[in-house]
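Novice: What follows is each chain in one-letter form.
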Amino acid sequence: MREAAILGVAMTPFGISDKTNLELFADAGLEAIVHSNLAPGDIQALFFGNCLGDFEEGQLHMAPFAHSSIGLPMSTPAVRFECACATATVAIRQAVQMVQGGIYDVILAGGTERAAAMGTPLATRTFAMASQAQYETPTGITFPGVFAMAAHLYSHRYGIPLVELKRHLAEVAVKNHFHGSKNPKAHFQKEITVEKVLNGMMVADPLQLLDCCPFSDGAAAVVIAEAGKARDLVKKPIYVAGTGQASAGPLYIQQDLTHVKAREVSVKMAYDEAHLTPGDIDVCELHDCFTMAEVLAIEGLGFYDFGRGYDAASRGETRLGGKGTVVVNPSGGLKAKGHPIGATGAAQVTEIVEQLRGEAGERQVDGAKIGLVDTLGGDLSTVCNLILRGEK
Amino acid sequence: MSTELTFKQYQDGLANDVFWGLLCDDCGSYTTPPQKVCRSCGSTALQVVELEKSGFIRTFTVIRVAAEGMNPPFVVALVETASGAWVMGNVVNIDPNEAGMELIGRKVTLSSRPVKGDVYACGDIHSLCFTLL
Numbered sequence: 001m002r003e004a005a006i007l008g009v010a011m012t013p014f015g016i017s018d019k020t021n022l023e024l025f026a027d028a029g030l031e032a033i034v035h036s037n038l039a040p041g042d043i044q045a046l047f048f049g050n051c052l053g054d055f056e057e058g059q060l061h062m063a064p065f066a067h068s069s070i071g072l073p074m075s076t077p078a079v080r081f082e083c084a085c086a087t088a089t090v091a092i093r094q095a096v097q098m099v100q101g102g103i104y105d106v107i108l109a110g111g112t113e114r115a116a117a118m119g120t121p122l123a124t125r126t127f128a129m130a131s132q133a134q135y136e137t138p139t140g141i142t143f144p145g146v147f148a149m150a151a152h153l154y155s156h157r158y159g160i161p162l163v164e165l166k167r168h169l170a171e172v173a174v175k176n177h178f179h180g181s182k183n184p185k186a187h188f189q190k191e192i193t194v195e196k197v198l199n200g201m202m203v204a205d206p207l208q209l210l211d212c213c214p215f216s217d218g219a220a221a222v223v224i225a226e227a228g229k230a231r232d233l234v235k236k237p238i239y240v241a242g243t244g245q246a247s248a249g250p251l252y253i254q255q256d257l258t259h260v261k262a263r264e265v266s267v268k269m270a271y272d273e274a275h276l277t278p279g280d281i282d283v284c285e286l287h288d289c290f291t292m293a294e295v296l297a298i299e300g301l302g303f304y305d306f307g308r309g310y311d312a313a314s315r316g317e318t319r320l321g322g323k324g325t326v327v328v329n330p331s332g333g334l335k336a337k338g339h340p341i342g343a344t345g346a347a348q349v350t351e352i353v354e355q356l357r358g359e360a361g362e363r364q365v366d367g368a369k370i371g372l373v374d375t376l377g378g379d380l381s382t383v384c385n386l387i388l389r390g391e392k
Numbered sequence: 393m394s395t396e397l398t399f400k401q402y403q404d405g406l407a408n409d410v411f412w413g414l415l416c417d418d419c420g421s422y423t424t425p426p427q428k429v430c431r432s433c434g435s436t437a438l439q440v441v442e443l444e445k446s447g448f449i450r451t452f453t454v455i456r457v458a459a460e461g462m463n464p465p466f467v468v469a470l471v472e473t474a475s476g477a478w479v480m481g482n483v484v485n486i487d488p489n490e491a492g493m494e495l496i497g498r499k500v501t502l503s504s505r506p507v508k509g510d511v512y513a514c515g516d517i518h519s520l521c522f523t524l525l
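So the sequence lines, in the order shown, correspond to chains A and B. So in the working numbering, spot 10 of the first sequence is number 10, and the numbers just go up one at a time. Just add 392 to wherever you are in the second sequence, counting from 1, and you've got the working numbering.
The set of hints was computed from the structure by calculation and includes no laboratory data. Quick reminder that beta carbons are idealized off the backbone N, C-alpha and C, glycines included. Among the clues, some could well be false.
Result set (SDA-like, lysine to any residue): computed pairs, CA atoms no more than 25 Å apart in a straight line [unchecked claim]:
#1 B:Lys428 <-> A:Ile253
#2 A:Lys261 <-> B:Thr436
#3 A:Lys196 <-> B:Pro488
#4 A:Lys268 <-> B:Lys499
#5 B:Lys499 <-> A:Gly159
#6 B:Lys400 <-> A:Ala133
#7 B:Lys428 <-> A:Gly119
#8 B:Lys499 <-> A:Gln254
#9 B:Lys499 <-> A:Gly119
#10 B:Lys428 <-> A:Gly159
#11 A:Lys19 <-> A:Ala133
If you want the ones that stay clear, here's a sample from chain A, every Cβ over 10 Å from chain B, calculated [claimed, not checked]:
#12 Gln94
#13 Ala150
#14 His168
#15 Met202
#16 Val203
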């Protein structure tokens, strides 16, 4: 199997934008191509992520329009990916596998979303469309509601009083906003306090407003190429050491929401392929759509035992400059950087690539050599992981 | 004995206060809501059976910011039914503002109510309700 590497990466500012999905994607896509020292004519396939363009703009079949908006050749196929919040990570993984398998040498992958443009009531409805439509959506379950149920079950299962758990969850939000304050492209660039989180509006008991990521607009894109070609083109190619993806059914089939089983299967695939363990990871961008989601992720990825990750942020272990072994979400994560769902995975990859190149500025994790990307889609039903390394 | 349980048959059951499920001939697990294969072992050797309408709340939330067209606050819960299958529904006989951690482990009975489908849904649906005993 051939080796795949990442060349140029780019993301637009995340937040609220007047630009169209196509304009946002063009900004990120062209920048990623230019940073790869390539031209649009060199791209052999476009793996394009978008979840809700039909609701955001009345636009289906956006991939070929994104293709023409950045001047890709007609012979370059454009394909849309949709895996809820894991969309762009899945697109990137598929690109990696196509390059590894020798089908293509150079692929542009990423995504775009205008989640904020929908407004909260419609955005909440469309996000809930990723729940099971016949047996779960009619209950009025929402995305925050899913992680709220996980929080209650976690509190009960591990005997951690809810008031105590909520304080630790607030520390996750505080930590990720601190990281976001160092990211000029983040949706939220202001630090917050535990008190502010605990005084926020209740969204889905026990999760309050600042336990939740925002609905964001934005795009991100990366160029994936065969490693030898990558070395010819850029100074610091970032190598794909391992990948994984796993799928699970609706919540009523998954049952115990404190274990994201798809994550455990997916990340094991990635660790095994990379011949690495959780202790080898220096920096991780993981799926903190809600504060509780970060706790589930640091446990499922193997950084903490189950039932033991809830106070990692409070202890300062996952913070930039902290005393833990892995810095979690130095970009600010979905929580502060923002969450334009079709773009999120490509933005996570962008952050890890910049970290491994030592180009993350104020957010730089000292000596970061190996990074992990973790993206969850839907009701814990898709998880995709990528392990990246700067040198071999 | 029928070996298939469709969405429509399951729905018609709920409308008539019957809770249908599938019993696996190979591993003995019960699957509900219905699907083509056993949720535990993947077998297609399934019998349609009537399930007991009771269970225990395993977790819950109170939805306060809802999708358009819904009327919050309301309680959503995951219940482990007497058959072992888990289902999602709404706890209907509690003031949502009184719902707390003590709900976890409480015994409930199951029923259903019609939920009007919005413009995106494929018609109206009978959705499960949980009544605290």
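Novice: Tell me if the straight-line CA distance from A:Lys261 to B:Thr436 falls inside 25 Å.
Specialist: holds (24 Å)
Novice: Does A:Gly119 sit within 25 Å of B:Lys428, going by the straight-line distance between their CA atoms?
Specialist: violated (38 Å)
Novice: Check whether the Cα positions of B:Lys400 and A:Ala133 lie no farther apart than 25 Å.
Specialist: Given pair B:Lys400, A:Ala133 holds - Cα atoms ~14 Å apart, limit 25 Å.
Novice: Given the hint that B:Lys428 pairs with A:Gly159, test it: the Cα-Cα distance must not exceed 25 Å.
Specialist: It is violated: about 37 Å lies between the C-alpha atoms, which goes past 25 Å.
Novice: When you check the alpha-carbon spacing of B:Lys499 and A:Gly119, does it fall within 25 Å?
Specialist: Judged against 25 Å, a Cα distance of about 38 Å means the pair is violated.
Novice: For a C-alpha distance cap of 25 Å, please report whether B:Lys428 and A:Ile253 respect it.
Specialist: Holds. B:Lys428 to A:Ile253 sits at ~13 Å (cutoff 25 Å).
Novice: Should the label of A:His168 as a non-interface residue stand, given a Cβ cut-off of 10 Å to chain B?
Specialist: holds (16 Å)
Novice: Mind checking the alpha carbons of A:Lys19 and A:Ala133 for me, to see if they're no more than 25 Å apart?
Specialist: violated (31 Å)
Novice: Measure nothing beyond the straight line between the CA atoms of A:Lys196 and B:Pro488; if it is 25 Å or shorter, mark the hint as holding.
Specialist: Holds, because 24 Å separates the two Cα atoms, which is no more than 25 Å.
Novice: When you check the alpha-carbon spacing of A:Lys268 and B:Lys499, does it fall within 25 Å?
Specialist: This hinted pair is violated, its Cα atoms lying about 37 Å apart.
Novice: Taking 10 Å as the cut and beta carbons as the points, is A:Ala150 off the interface with chain B?
Specialist: At about 7 Å from chain B, A:Ala150 fails to clear the 10 Å cut-off, so the statement is violated.
Novice: Decide if the proposed pair is consistent with the structure: B:Lys499 and A:Gly159, CA atoms, cutoff 25 Å inclusive.
Specialist: Answer holds: B:Lys499 to A:Gly159 is near 20 Å, not above 25 Å.
Hint compliance for this structure: hints 4, 7, 9, 10, 11, 13, 15 and 16 are broken, all remaining hints hold.
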